[in-house]
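S.K.: These are the residues of each chain, in order.
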Amino acid sequence: MSETITDPRSADSNAGAAAVQQMSMQQALNRALDEILADNPKAVIFGEDCGRLGGVFRITDGLQAKHGEDRVFDTPLAESGILGMSVGLAMAGFHPIPEVQFDGFAYPAINQIVCQIARMNYRSRGTLPMPITLRVPSFGGIRAPEHHGESLEALFAHVPGLKVVSPSNPHDAYHLLKYAATRPDPVIFMEPKSRYWQKGPVDVTSAAAIPVTAAHDDGTAHGGSLTGARVAREGRHLTLVAWGAMVARCLQVAELAAEDGIDIEVLDLRWLKPIDADALARSVGKTRRAVVVHEAPLTSGLGAEVAQLITQSCFATLKAPVERVTGFDVPYPSGDLEDEYIPNIDRILFGIQRVLEYRRG
Amino acid sequence: MTTEPVLAAVDDDAAPLTHHQLRELYTLMAAVRHLDTAAVAWQRQGIIPGYAPELGQEAAQVGSGYAVDRSRDFVFPTYREMGVARAMGLDMVGYMSTHKATWHGGMYNPLESRFAPIQAVVAGSVLHAVGWAHGQTLSGKASGHHGVAITYFGDGASSQGDVHEAMNFAAVMKAPVVFFIQNNGWAISVPTDRQVAGGSVAARAAGYGIPSLQVDGNDVVAVHEATRSAFAHCRAGNGPVVIEAMTYRRGPHSTADDPGRYRTLEEERLDAGQDPLERFKQRLLAEGIADEAFFAEAQRKAEEEEEAIRTGIEELGPRPGAEMFSLVFQEPTPALQSQATAWREESEHV
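Note that the protein sequences, when read in sequence, are chains A and B.
Position 313, counted from 1, in the first sequence is what full-length UniProt numbering calls 313; the numbers after and before it change by one each time, with no gaps.
Position 193, counted from 1, in the second sequence is what full-length UniProt numbering calls 193; the numbers after and before it change by one each time, with no gaps.
It is worth saying that the hints were derived from the structure and are not from the lab.
Heads up, a few of these hints could be off.
SDA-like, lysine to any residue: derived pairs with alpha carbons at most 20 Å apart [unchecked claim]:
#, chain 1, residue 1, chain 2, residue 2
1, A, 319, A, 234
2, A, 286, A, 262
3, A, 42, A, 182
4, A, 42, B, 330
5, B, 281, B, 295
6, B, 141, A, 41
7, A, 42, B, 141
8, B, 174, A, 74
9, B, 141, A, 70
10, A, 42, A, 128
11, B, 174, B, 228
12, A, 42, B, 72
13, A, 319, A, 308
14, B, 141, A, 69
15, B, 281, B, 19
16, A, 42, B, 139
17, A, 42, B, 138
18, B, 174, A, 69
19, A, 319, A, 354
20, A, 286, A, 235
21, B, 141, A, 73
22, B, 141, A, 68
Derived DEER-like restraints, expressed as beta-carbon distance ranges [said to hold, decoys possible]:
#, chain 1, residue 1, chain 2, residue 2, range
23, B, 141, A, 345, 54 to 62 Å
24, A, 330, B, 266, 50 to 58 Å
25, B, 141, A, 331, 43 to 51 Å
26, A, 360, B, 337, 32 to 40 Å
27, B, 174, A, 147, 29 to 37 Å
28, B, 318, A, 236, 47 to 55 Å
29, B, 174, A, 286, 58 to 66 Å
30, A, 330, B, 311, 56 to 64 Å
Now the stretches of chain B that chain A is said to cover, found in silico as 3 or more residues with beta-carbon under 8 Å [what the hints assert, rightly or not]:
#, stretch
31, 98 to 109
32, 112 to 123
33, 126 to 139
34, 157 to 165
35, 168 to 181
If you're wondering where the values come from, they're calculated on a predicted model, not measured in any experiment.
By construction, the Cβ of each residue, glycine as well, lies at the ideal position given by its N, Cα and C atoms.
Given these sequences and hints, build the entire structure.
M.R.: This is how it looks when you write it as structure tokens:
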């Protein structure tokens, strides 16, 4: 398995390859959407300010001008309306790709997401699938106002009928979005907004250019596994499990720990439902120690689910209980305090230390 | 400056209903009345666990459902639209199976029936209708050929924010949607005057620039004509229409409800007005369109139909438990597949 190419510092080694281009995640997502619209005449993109403005994060920049107002359009300012409309469009044979402008504004749409989108396939006994790719700029780290820094993955993952994915880098963002937009089930696509502007190498010709695990590989969509987790960095002593913006932070932590001779593996979970349990088992089966890192509050966060999956597969060989380094059980704080809230390098290192120093009895 | 949006003048070939059609409407209403009354009895007999009667709303439901073109339109119901389903010719065992607790959305095929799955979050499906209707616009049907969505909800659901969002979206997008409100006076125990500010849902349409019609919901012909003109308006590409059919919920909210706790029999008698079925019968008699033999035959057919549906419901066994798992996704997750395997091993000892 090659060294990670998601770490910007290792990007130069790929610069010579013609297929590999440097892109920000914003550019990668924009290109993916452009190609989705070109490939699938039933794909439609809509939401607040998605059209002429190109979205507040410019993810849909230029798409309305290129593909027309029937394919990319602005809606009135009402999230329940956007998601409810998606249900009807899906029933009419479209592949809706709605955007909720910020994570916290998914709450006003929760009835349509939970009671309608997630259940229509079931309610209709499979006759009305909901191929809806809901893009949600997610997580914190940009000094934004209230309701602009939420981590909703555990909430969505808990809902039967939804799938949840979060890319950590431009290459994955490009391929995972294209993959999600070809699926017949609803996918909540959580974009780490603090990573929108970081550049990285993107190989548009092959998803497999990124080291990926083989778990659940259907081998059809992009010639590689887009349905599983990804080993972002190989290591022997401990596994850091993360997703979204926390992956880059964990890679930084791993570099620092390496200076002390601690060899850390970073597992980028990517899919938060379904979680790649086999990849967790393989990684922690090898390292025997794990720390889960997420921005969301601790209690009933996805870290608990990850810890249970690891315990289930690795109980006999674990050297220490699975540790969690997470946000706190508090409302997401104002920008001045968000660095205290989001797991920082020190807190992750403390978590690693607790696991390494754990002694039985 | 105009303040009242009006229905565009469209030629919908709206010839008056023929005598044959009028008799057909009566036959449908009689079938719905009998099935509805019987379903309450089924619940008392233990055949079904619960039911939400539409007693008194036969004219509103049959009159509107009769206007739907199943080759291109789509209906978005809640859970009290049995009369619409029957008027559209749905598989009624499949429809009533939701009340047998066989499957939440019912066992009929919604795509073939052009009737969305039954669901209980009132107003939730109102937005679906707008999305589906906008899909017709995006599909680029020439004016006059649009498929039309008709969404049913009540005075209670009109309080939901989704109804506001739906009407605003539909008006902004000129979506071909008929918002069909059955104002039946009651949302379980809360009367319309405690529910609808201003007393009329139709009156709100003006705020969205949507033309609206308030009709006597107990007059099947009036309801049908209003719905037919609304469909023609939408089909021609003129955007949405609101219809408020004023009617009365003569029965309880559901078989678990006790209206005696919030209204007296005397109030019911005074507020309900004339029975829509009896009223239509008197009209057909007075106009010489039907005679007593016809009504007796309609009743006989209704009973025969109800017997067949009841037999179908009684014969309906529970769905295989494996469907709990297999119908969640088109592409099941590994975790769900392993839960299904564990369930099967532990429940069937295989």
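S.K.: Next, verify each hint and record whether it holds.
M.R.: Comparing the hints with the structure gives:
no.	hint	result
1	319(A) / 234(A)	19 Å, holds
2	286(A) / 262(A)	14 Å, holds
3	42(A) / 182(A)	11 Å, holds
4	42(A) / 330(B)	18 Å, holds
5	281(B) / 295(B)	8 Å, holds
6	141(B) / 41(A)	16 Å, holds
7	42(A) / 141(B)	15 Å, holds
8	174(B) / 74(A)	14 Å, holds
9	141(B) / 70(A)	13 Å, holds
10	42(A) / 128(A)	16 Å, holds
11	174(B) / 228(B)	18 Å, holds
12	42(A) / 72(B)	19 Å, holds
13	319(A) / 308(A)	15 Å, holds
14	141(B) / 69(A)	16 Å, holds
15	281(B) / 19(B)	13 Å, holds
16	42(A) / 139(B)	9 Å, holds
17	42(A) / 138(B)	10 Å, holds
18	174(B) / 69(A)	14 Å, holds
19	319(A) / 354(A)	11 Å, holds
20	286(A) / 235(A)	9 Å, holds
21	141(B) / 73(A)	19 Å, holds
22	141(B) / 68(A)	17 Å, holds
23	141(B) / 345(A): 54 to 62 Å	58 Å, holds
24	330(A) / 266(B): 50 to 58 Å	57 Å, holds
25	141(B) / 331(A): 43 to 51 Å	48 Å, holds
26	360(A) / 337(B): 32 to 40 Å	36 Å, holds
27	174(B) / 147(A): 29 to 37 Å	32 Å, holds
28	318(B) / 236(A): 47 to 55 Å	53 Å, holds
29	174(B) / 286(A): 58 to 66 Å	60 Å, holds
30	330(A) / 311(B): 56 to 64 Å	60 Å, holds
31	98 to 109	holds (count 5)
32	112 to 123	holds (count 4)
33	126 to 139	holds (count 13)
34	157 to 165	holds (count 3)
35	168 to 181	holds (count 3)
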